[in-house]
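Number of protein chains: 2
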Amino acid sequence: MSNLNDHLKSAAPFSETEREAVYRAIFSRRDVRSQFTERHIEEHILMRLLTAAHHAPSVGFMQPWNFIVIADRDIKGRMRTAFDRANAEAVKMFPEDRRTPYSALKLQGITEAPVNLCITCDRSRGGPVVLGRTHAPDMDLYSTVCAVQNLWLAARAEGIGVGWVSIFREADVRQVLNLPPEVIPVAYLCLGYVDVLYDMPELAVKGWGQRLPLDDLVFRDGWGLTLKK
Amino acid sequence: MSNLNDHLKSAAPFSETEREAVYRAIFSRRDVRSQFTERHIEEHILMRLLTAAHHAPSVGFMQPWNFIVIADRDIKGRMRTAFDRANAEAVKMFPEDRRTPYSALKLQGITEAPVNLCITCDRSRGGPVVLGRTHAPDMDLYSTVCAVQNLWLAARAEGIGVGWVSIFREADVRQVLNLPPEVIPVAYLCLGYVDVLYDMPELAVKGWGQRLPLDDLVFRDGWGLTLKK
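Protein sequences, first through last, are from chains A and F. First residue of the first sequence: 41, per our numbering; consecutive thereafter. First residue of the second sequence: 41, per our numbering; consecutive thereafter.
Just so you know, these hints were derived from the structure itself, not from any lab. Each hint should be verified, as a subset may be incorrect.
Heads up, the list lumps identical chains together, so a pair's fine if it works in one copy or across two of them.
Mimicking EDC-like on lysine to aspartate or glutamate, the simulated pairs with C-alpha atoms at most 20 Å apart in a straight line are [to be verified]:
(1) K146 - D239
(2) K49 - E78
(3) K49 - D256
(4) K49 - E60
(5) K246 - D162
(6) K132 - D255
On a predicted model such as this, the values are computed, not experimentally measured, just so you know.
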């Protein structure tokens, strides 16, 4: 084993320009359903995004993710059919006064997006005992979500929009993508270059919901306790 | 409702400098246990990090998260005790030949970090039916993890290290932080300024595990299918 200290490097704050770039990615990232252009995503750009995802934190360095890149029109078509079936079930779950506004929302861009990407979690990776997962078995799923968010922010910087589609019966996703039982489909993403994005979440633009005040969500030293002023 | 198109703004790729900053945050982010300095985290910097977290994607714009900021020494001490109890259980779960290396790892910096932060998920927020959660009930937990990763990357840009501690009995976390039953403690994070970081994951530096080759994790159009070359 090499000297540990050889691996410790200076970790200064970023320059103001660099820091602003990180915040711009975070604040201008959107969940895209309608703005995809037809422009092809080059393989080396796609691999940059997957490399970003692969550098997410993972519990016990488990790296439980796989990346299923979907470009095939037939597979996309079957996923679109799976979405339509689940969404027809979803609309009926809402109170009557929400069904019309719900149905007016576009909630996926599966066939328009040049690339679909399923990020999965292999719950068996790393064997029966994984460091950090001994008391929190879902940490592998959470690690996989960190990979999703890394990719989403990198995509924003590349001018690529990402939409997360979650309205599927899991059994349909498993069947179309031929997933083994120990593998969970954590995120089904649609990717494509965008020329425009909304300046706030689409569900806010369309009046479905609004951003909560941050101050209401911050507690100090325990649930429900606010800052003494 | 305002004209939807008024909210569509140009979304060009970032400049090369900006893009590199986003990737630098992603690639140089570390799970920190030992490098925290005592430097105080100013309130406005902390709020910048929480604002970044609050701009994560959330299913149906549910925003299920709360942020419990912990500075109190007594609360930190109780969390440290909870960690020690769980970690004593954890070590016994490993095969005998892994117990000594496991015990040599430092897996938390609870009392050294100036700020601890518990990011929770309120599963009841948004009522009984949430858009996008109808078929995937764990999407609220995944949204909360996206908030964690946003904060982690923003912190890197600010020169602040973050460590995610997952070795607790959940009941202990609930008791110390007084969480209501519908609220899940998704992530317990330690935050503090750092002067140095490892140039690769600490578990790789210390020989616990190594990064998997990305190419082995990428499939095309279905599980197990690799790119035709």
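* Asked: Looking back at the hints listed earlier, which ones does the structure fail to meet?
  -> 3, 5 and 6
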